[in-house]
Amino acid sequence: MIEDRAAADGLEPDVVEAVTAPEGPRKSRWIVVGVLLAVLLLLPLTRPFIGSYNYWILIATNVLMWVAMASSWNILGGYAGYISLGHAVFFGVGGYVAAVPLYYYGVSPFLTAVVGGLAAVALGLVAGLITLRTRGPAFIISTIALLFMFLLIFENSDYLGGTAGLPLPSLDLVPQEWRKAPFYYAMLIAAVGSIVLSYQVAHSKFGLGLRAIAEDETKAEVAGVPTRFYKILAFALSAFWVGFVGAMWGYSLAFARPTLFFTVAISAEMVLMAIIGGRATVAGPVIGAVLIYAVNEFSIVQFGSSEINIVIVGVLLVTVLLFFPVGIVGSLRDKGRLPAFLNWD
Amino acid sequence: MSGIVQVMIFGLLLGGVYALFASGLTLAFGVMRIVNLAHAVFIVAAAYVAFFAWEKLDIDPLLSILFIMPLFFIAGIGVYRVFFTRIEGSPRYVEMTVLLTFGVAIMVEGLLGVQFTGIFRQAKPAYLTDAFFIGDFLVPTGQFFAATLSLVLLFVLYLFLRFTRTGYGIRATMQNRDAAQLVGVNVRRVSAISFGLSAALAGASGALMSYLFPFFPFRHWQWIAILLALVVLGGMGSLKGAVIGALLLGVASSLVVDQIGLGWGPMAFYGALFGILLIRPRGLFGKEVAA
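So the protein lines, in turn, are chains A and B.
All you need for the numbering used here is the position in the first sequence, starting with 1, plus 804.
All you need for the numbering used here is the position in the second sequence, starting with 1, plus 124.
Careful, some of the hints might be misleading.
List time: in silico SDA-like cross-link candidates among lysine to any residue, alpha-carbon distance up to 20 angstroms [to be verified]:
1) K248(B) - F268(B)
2) K1023(A) - Y217(B)
3) K1023(A) - V218(B)
4) K1023(A) - P215(B)
5) K1023(A) - A296(B)
6) K364(B) - R157(B)
Here chain B is said to cover these stretches of chain A; the calculated rule only asks that three of the stretch's residues, wherever they fall, bring their Cβ under 8 angstroms from a Cβ of chain B [claimed, not checked]:
7) 945-951
8) 1121-1131
9) 1139-1147
Partner residues are not named here, just some residues of chain A that face chain B (Cβ under 8 angstroms, in silico) [as the list claims (entries may be wrong)]:
10) V930
11) I934
12) A942
13) L956
14) E959
Hints are computed from structural coordinates only; laboratory data are not their basis.
All C-beta atoms, glycine included, are put in the ideal place defined by N, C-alpha and C.
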């Protein structure tokens, strides 16, 4: 099948040989995925057996959320090489698009989360039309400005609750002790959805175009890649699941507040996770999200202060950039030691 | 009408200070093509130095620049040597500087938070609440001092770049790095000095921030957002553009605050940024910015 598609894309057979992994590991990685998915699907049912169930299910929910966010960021920041430091804006927009109908009309975010994602996509399209007129640093700067502009708008809007935000009712359709499960499954859908999206992009002509843009935009343009259209599409696609999880997250916290959503720290985490795991790879952001979330959780438990956690995040980012700029998956791949279950590119 | 003139006076005083805040940022980009996302956190760090010098040692924030600037000059050279000599010549260098300084900013922010906690600080020298009149118009003394000092420092910077040998080297490197190297400019040394100067300007900015704008570690993000908007408006790497952009946006944001409301001031910066990206992506005075 891969040969067919490669032939359709006009690649030489020997090139196909080089990029096609041996058949054995390709099967084994599906086994790993199947087992992992089964475990993740059954996890909430372990409630009667695990003492600190509420803690672990919350951790798992958050990890899945960050997997979705880092994988989404990677579509623009990894494949296309356009660093966005403002992706938290989509998180916030998704959060509020779900929070407002809930607060005013009692509409459940489980119904509106998709709308939150679509609103993020719409914002991505509009913002992309403006900001993607520039390249490199000016683009990055405009994404930061976008984030702070939205923070300003939301903090100064009475309808949206201003700086205090909107208090939200908690989920009451489900018995108290099972209340965390629906959020868990929503985040699981987002994580799987974003990984599938990332994989589809990586293995499409569109993804090839994005990589060409990351490599050398001028050459890509000369070679006939519709760079502007691709970049804007990448920006919009990378927004969807971030908006979706934002909607779920606000509901699970039971309030929406501008400074919780529209914050550089959330953007920073996405960037760090994708980079430390390995930019422009499918598995990298997933590994990065799990790893960084574990580090955050550990340092908060260990040191009890978020300031020290901030220092650790900064040190990690700088260290990785200086010494392992291609991240974990990239470094392993370069050494030829990437296990098959992490090789999805 | 006179109300508008009064607002514009406030705006110009503010713009003069913004010009100093942004000058180091634009210098670092112009000479080394470093987009320094940590510039504002350097300013906040300097504000802490000035604040504690004022609180513990009773040193006036305006005088404290005499030791803060040399201190930050040396620190800046250190930062340059540790972080930026390593990534010279790496592919996608500019993007690398953004990510690297992003990390440095987070790191310094965290360290400031650990050391000084998140509470608001503000030095309160006697002239902070003073004001005098020019004709019918009110001029707050503290802001007048700050704007004057900013413009003096920027003028000294201009003289330095215009008339000293190192200044020639810096300007040559700004215009064309490779050509400067060819004619014998020690580009590495010039880069280190420029980054030191950029940090020293952040130091002076911090001294002014310590009494003009209440600050805490996290605040630097809001500052870097508006300073970057300002620098893009003026044209990245153009000092003239930064100064003109700062004065324009100082006035514009004062008008926004006056007409719309206190919280909306920074909107002038973001509005200007997106407006300029739509009309003229390279900024008012900038050269084409390539990745």
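Against the structure, the hints come out as follows:
no.	hint	in the structure
1	K248(B) - F268(B)	15 angstroms, holds
2	K1023(A) - Y217(B)	18 angstroms, holds
3	K1023(A) - V218(B)	19 angstroms, holds
4	K1023(A) - P215(B)	16 angstroms, holds
5	K1023(A) - A296(B)	30 angstroms, violated
6	K364(B) - R157(B)	17 angstroms, holds
7	945-951	holds (count 6)
8	1121-1131	holds (count 5)
9	1139-1147	violated (count 0)
10	V930	10 angstroms, violated
11	I934	6 angstroms, holds
12	A942	5 angstroms, holds
13	L956	6 angstroms, holds
14	E959	7 angstroms, holds
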